[in-house]
Each structure stands twice: as structure tokens, then as C-alpha cells.
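Using the sequences provided together with the hints, build the complete structure.
Protein chains in written order, with my numbering: chain F, 1 to 114; chain L, 115 to 232.
Calculated from the structure, these hints are not laboratory results. Every value quoted in this text rests on a predicted model; they were computed, and no experiment measured them. It is possible that some hints are incorrect.
Not close to chain F: a few residues of chain L, all C-beta gaps over 12 Å, as computed [unchecked claim]: (1) V118; (2) K125; (3) T127; (4) K129; (5) R136; (6) I161; (7) Q198; (8) R228; (9) L232.
Here are the simulated SDA-like cross-link-like pairs (lysine to any residue), alpha carbons at most 25 Å apart as the crow flies [said to hold, decoys possible]: (10) F/K38 x L/G213; (11) L/K125 x L/G213; (12) F/K38 x L/V203; (13) F/K3 x F/Q69; (14) F/K3 x L/T184.
For glycine and all other residues, C-beta sits at the position ideal for the given N, C-alpha and C.
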Amino acid sequence: AQKVTQAQTEISVVEKEDVTLDCVYETRDTTYYLFWYKQPPSGELVFLIRRNSFDEQNEISGRYSWNFQKSTSSFNFTITASQVVDSAVYFCALRGFTGNQFYFGTGTSLTVIP
Amino acid sequence: GAGVSQSPSNKVTEKGKDVELRCDPISGHTALYWYRQSLGQGLEFLIYFQGNSAPDKSGLPSDRFSAERTGGSVSTLTIQRTQQEDSAVYLCASSLVGGASGSTDTQYFGPGTRLTVL
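Okay, structure coming up:
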């Protein structure tokens with residue numbers, strides 16, 4: 001089965017705190033692709049990152065970082081020194097090697113309190 | 115450059131009426147996806163188009179839903195005899211190439227059409 005689980009439904013943090021959004025996936029493919037998207041209150045999903053299953057290097061982009069752990073089937077997303085503008089719903093997604101479909105988690109709603 | 119556009123942004127209709135939702139993908143993108151997002155839920159895959167290939171319709175919830183893509187560009191999602199449970203935001207996404215091993219499969223989303231069925 002292809003599945004993405006985002007167990008955290010809602011998270012609230014105070015501005016400048018660090019926060020980690022969890023993503024756990026299931027796939028039968030040995031090659032697969034993982035994504036994170038941000039959906040701000042305006043509603044339009046914004047692409048954040050794409051990761052191949054054969055590249056386990058962690059990635060940092062400014063205040064954002066991603067920790068890909070194949071051993072635990074997780075692709076967690078950390079925001080350092082959170083800001084109010086980070087408030088949004090964040091979706092993790094999976095695409096298997098052989099399919100066209102993307103499998104999205106149910107999203108984590110992050111609220112950053114000033 | 116221009117992103118994915120969708121129209122209308124909001125649509126209110128009465129139960130039993132047909133609706134058409136439109137998606138203009140990014141120019142040059144051969145793959146196009148439709149998703150449905152119900153309130154507080156994740157994205158539910160509906161249909162996928164890739165170039166001139168037969169579309170993957172495996173996500174369409176019933177035969178009241180159909181979609182077409184003319185000339186490999188603009189797509190229209192049609193819902194016939196709408197029901198209240200069809201109320202949702204309908205999202206369209208496009209990618210350079212679908213099913214690819216490189217980053218050309220990354221999807222870019224439109225702003226969505228919020229459909230309300232009374």
C-alpha cells in the first residue's frame with residue numbers, strides 16, 4: 001500500500017520556537033519520491049521540497065530543514081525560529097516509482113503565535 | 115511566468131445542477147492532475163492526464179464526475195447532478211512530465227475552485 005501519515009493534526013508554537021512536523025510513509029516501491037507542500041490561509045499549495053528515496057542526505061534551506069530516515073520511513077520537516085508567516089497547513093506527499101498518483105497526508109496545521 | 119490558473123474561484127450551485135470547473139496549466143506542462151480537498155481533509159486524487167495518453171480516472175468517485183483535456187492544455191472537470199457531499203475545494207496541478215524519475219514530476223498547484231452545493 002502507498003500511504004502517508006501525518007499524525008499531528010494541529011500544532012501551536014510561540015514565535016521563534018523551533019517546530020518539527022512529522023511525516024511517516026508506506027510504500028512497496030524501492031524507488032520513490034517524497035514532497036512537502038505548504039498551504040497558507042490563501043489556499044494555494046506551494047511546493048517546498050522534493051526528495052528521491054536513494055538520496056538520504058538531509059537538506060537545509062534557510063530556516064527549513066528536512067530529515068529523511070529510510071530506516072524509519074520518515075521524512076520530517078523542521079522550521080527553525082518560527083515566524084508568524086509560517087502559519088499554514090503543511091502536507092507531506094509520496095509518489096511511487098511506477099504510478100502517476102501522488103498520495104498526500106491529511107496535513108498538519110501549524111499556528112505560530114506572535 | 116504564469117502559474118496554474120483555475121476558474122471560477124467560487125461556485126455556488128443548487129443540488130442537482132451540473133457544474134464545470136476549468137484549469138489552465140502552466141504552459142509546456144504535459145501532466146495535469148485534479149484533486150478534491152474537503153474541509154479539514156487532505157487531497158483526494160481524482161484524475162490524471164499525461165500528454166495524449168488515456169487519462170488515469172481511477173480516483174473519480176462516481177460516474178457523475180468526468181474530465182477532459184483539450185489540445186493537451188486546458189482541462190475541464192464536470193460534475194453532473196451535484197450533491198451536497200460534492201462541496202469541496204477542487205484543486206488542479208500541473209507538472210512538466212508526470213511519472214518521471216527526475217524533478218520534472220513536481221506538481222504546481224492552482225488556487226482552487228471552492229464549490230458549494232446547496
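Violating hint indices (sorted, rising): 1, 6, 8, 11, 14
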